[in-house]
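**Q** With the hints as your guide, set chain B onto chain A.
Protein chains: 2
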Amino acid sequence: MTTINTKVLPGFMELKPNEQIAFNKMLDEIRNVYELFGFRPVETPILERAEVVLAKSGGDTEKQIYTFSKGDTNMAMRFDLTVPLARYVAEYENTLVFPFKRYAIGRVYRGERPQAGRFREFYQCDIDVLDKDSLDLSYDAEIPAVIASLFRRLGFENFTIRINNRKVLNGIFEEYSLKDKSQDILRIIDKIEKLPKDVIVEELEDLGLDDKQIEDIQNIAELNKLDQEELVKKLRNIQKNSSILKEGIDELEIVVKKIKDLGVGEKNFAIDLTVARGLDYYTGTVYETRLNDYPEIGSVCSGGRYDDLASYYTKNKYPGVGISIGLTRLFDQLYSRGLINTDIQTPTKVVILSMVDDDKYAYSLAEYLRENNIETEVFSKEDSIKKQLKYADRLNIPFVIFIGEEEVENNNYSVKDMKKGEQVKIKMEEIIKYIS
Amino acid sequence: MTTINTKVLPGFMELKPNEQIAFNKMLDEIRNVYELFGFRPVETPILERAEVVLAKSGGDTEKQIYTFSKGDTNMAMRFDLTVPLARYVAEYENTLVFPFKRYAIGRVYRGERPQAGRFREFYQCDIDVLDKDSLDLSYDAEIPAVIASLFRRLGFENFTIRINNRKVLNGIFEEYSLKDKSQDILRIIDKIEKLPKDVIVEELEDLGLDDKQIEDIQNIAELNKLDQEELVKKLRNIQKNSSILKEGIDELEIVVKKIKDLGVGEKNFAIDLTVARGLDYYTGTVYETRLNDYPEIGSVCSGGRYDDLASYYTKNKYPGVGISIGLTRLFDQLYSRGLINTDIQTPTKVVILSMVDDDKYAYSLAEYLRENNIETEVFSKEDSIKKQLKYADRLNIPFVIFIGEEEVENNNYSVKDMKKGEQVKIKMEEIIKYIS
Chain A
615 MTTINTKVLP GFMELKPNEQ IAFNKMLDEI RNVYELFGFR PVETPILERA
665 EVVLAKSGGD TEKQIYTFSK GDTNMAMRFD LTVPLARYVA EYENTLVFPF
715 KRYAIGRVYR GERPQAGRFR EFYQCDIDVL DKDSLDLSYD AEIPAVIASL
765 FRRLGFENFT IRINNRKVLN GIFEEYSLKD KSQDILRIID KIEKLPKDVI
815 VEELEDLGLD DKQIEDIQNI AELNKLDQEE LVKKLRNIQK NSSILKEGID
865 ELEIVVKKIK DLGVGEKNFA IDLTVARGLD YYTGTVYETR LNDYPEIGSV
915 CSGGRYDDLA SYYTKNKYPG VGISIGLTRL FDQLYSRGLI NTDIQTPTKV
965 VILSMVDDDK YAYSLAEYLR ENNIETEVFS KEDSIKKQLK YADRLNIPFV
1015 IFIGEEEVEN NNYSVKDMKK GEQVKIKMEE IIKYIS
Chain B
615 MTTINTKVLP GFMELKPNEQ IAFNKMLDEI RNVYELFGFR PVETPILERA
665 EVVLAKSGGD TEKQIYTFSK GDTNMAMRFD LTVPLARYVA EYENTLVFPF
715 KRYAIGRVYR GERPQAGRFR EFYQCDIDVL DKDSLDLSYD AEIPAVIASL
765 FRRLGFENFT IRINNRKVLN GIFEEYSLKD KSQDILRIID KIEKLPKDVI
815 VEELEDLGLD DKQIEDIQNI AELNKLDQEE LVKKLRNIQK NSSILKEGID
865 ELEIVVKKIK DLGVGEKNFA IDLTVARGLD YYTGTVYETR LNDYPEIGSV
915 CSGGRYDDLA SYYTKNKYPG VGISIGLTRL FDQLYSRGLI NTDIQTPTKV
965 VILSMVDDDK YAYSLAEYLR ENNIETEVFS KEDSIKKQLK YADRLNIPFV
1015 IFIGEEEVEN NNYSVKDMKK GEQVKIKMEE IIKYIS
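Chains as they are written, first to last, in our numbering: chain A, 615 to 1050; chain B, 615 to 1050.
To be clear, the hints were calculated from the coordinates, so they are not data collected in a lab.
A portion of the hints provided could be inaccurate.
No copy is singled out in the list; a pair is fine if it fits within one copy or between any two copies.
[Claimed, not checked] Result set (DSSO-like, lysine-lysine): computed pairs, CA atoms no more than 27 Å apart in a straight line:
hint	residue 1	residue 2
1	Lys1041	Lys874
2	Lys639	Lys963
3	Lys929	Lys1001
4	Lys871	Lys974
5	Lys874	Lys848
6	Lys670	Lys621
7	Lys974	Lys874
8	Lys1004	Lys1034
9	Lys854	Lys677
10	Lys974	Lys847
As the structure is a computational prediction, the values presented were derived from the model and not from experiment.
Okay, chain A solo, but in the shape it has when bound (with noise of 0.2 Å):
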């Protein structure tokens, strides 16, 4: 017989059913939050063009990219949202309303080695606004709020959505003199939360850092602990010749005031001046969000402003400020630690079980329940009935309705509550209610 393997590819994620099911209520709530916000959807082809994939990516992004040629076109699987949306936005410009606020849900692509958390084909859900030319800062306030919104119907509480300005760090390097190193310096500030101290030291050394500039750089992660006026106090002292640290300030603290506006919880959000983000394209605001519980997983949404976005793909400027949350593996950590619940096995509420001749009593019941939005099955009395209650009860189907001759009769039905156990006989018109 067959050799074939069945299990899917390593590094892809295959649920069963009533995971499924738990993956497309976040799913769905996602995408409901989103347009809560005034966000259009927008989806693109996973084949595009090598030369649209490839245009900014190089080193490691560009090792993991799935290309292959049909023909005489060599087409690539886009590896993020980010790319085809600068491609999109260059080929509707003249369509499109600007602020272009978009959101993006689908499955992205990366032939990164297989290791635990790790998946070469994940959801990424992102939001982004862009405009010609400048965007507003007050988008990239409401990016907080959006997030926020999101993780609290999501069930979270103890989260915190750090932000940070890429031209404050870029302006406190100028400060001290450090501008030549600073994509070096960023790449190192990413990791101080994650490694010992003396790592951090060796590394900075390695840069040929001296004392008082490693000092410098270690001392920008102990602003953090204070609170945001005196830390953009401290911050307005360091600034002394550097205009684009002033800029970075003067953001910095315009963002802040209007995500309390917002009414985002100051629980929820921290200006964190380690949080860098490693692609080199963000310009200004940088957000990182963790789940407080469960600091481990790291950043489950990030993303920040770019100052021009579609460069490869138009002369016309477009910056643009968004985040992205990988959802796949938010799920697959979430469900590890326990925290979604599976035990939804069916979208169905309601079994028929008909034991009558006449199958269009049924059939006429489920008419009317799928009309009024309720999702049900029927079985036909030739299947047994030990069968359809093992079937109603595998499935934690919550409603079971039996019809047999002395209903009919009746012109009733009998409705059992399979957890509570108990078991009416109801009209028609009365079992939507005793339903819901």
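**A** Then chain B, alone, in the frame of chain A:
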């Protein structure tokens, strides 16, 4: 500057946000109906082991499959959702609850020569019911009930689900001693409505059929004109020795009766003995669905029953029945005929224009509206009023709420209905009602 081509690849569909909203509405409705009938969601990866995808395919299909290697792994992009379902059932057969009613909605890939109405990336929306060893015929009848319910919810009344049974066709061939040519004849019968009579006759002659046999085959199409009872009676007259024909007629009769019991109106379904469906794995009931006002679109929803779906991946036998909607093509066909309403440009129902210093009034109103599931955007006074109103107008946003000094003072809001041109001053609590 750049010379990167920002157009999507030929054969790939990419929509503007308003088109995407219309597309998603159809997608949501399909999912909703599938769930109302108790189908459970399954999502499989887009990339599979090449051996999985290539196990069954051959000929034209195989040439269309996107395959490539990464490291030691030969991978292929799925070309349908049925092959992954077969693999899925084989992989999880010990934990799945049967009958397994599953729906899958996702994109599939076929590297066909691009032409009008053909896509290389397209959505399939599938339902299938599988059971172990044997599957009740009532599911063959439920499938058309789902389709009928779905197309009605999509706004169509004038459609016909055409039903046939492969055993009937194969049985007739047996009676007519044409069994050895059945595959070829099936292929010709599939085209009997599309091609002129003389072409059909010629093709049957090429197969070596004599005049009597050719007449017999053509008479099969003639039977369609009879009403259902007459038709079944005629089939029983043809049946003399073929047990497979007897089985087919019995099945067809049962399924048709149940479809009626299920409440599918007689104008929405018909027996059609010319429906054969190309795929050779169908073994019983087969379906096609036409929109009668647009016959040139062809079948918009097809499928059938297969005796043994997962035979390439497991020794156990899983008969199944299901159908698939090619939504990308359907949307494209409807759109090109002006049948898709794309007036909705954004999910946003309300734009709040804040013209006071403190944006908090606007933000807290927005939060209140979103909590009541009303999609809301806020414009702060930093943008010009003109730009803001232009945005609301271009995106067809139905309501604009103004907050000025007077409104703050009197604790009310000026709500403008953009369609009616009417403006009222009301309290926060009255807004939900006014808008709904």
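**Q** Output the numbers, in ascending order, of every earlier hint that fails for this structure.
**A** 9
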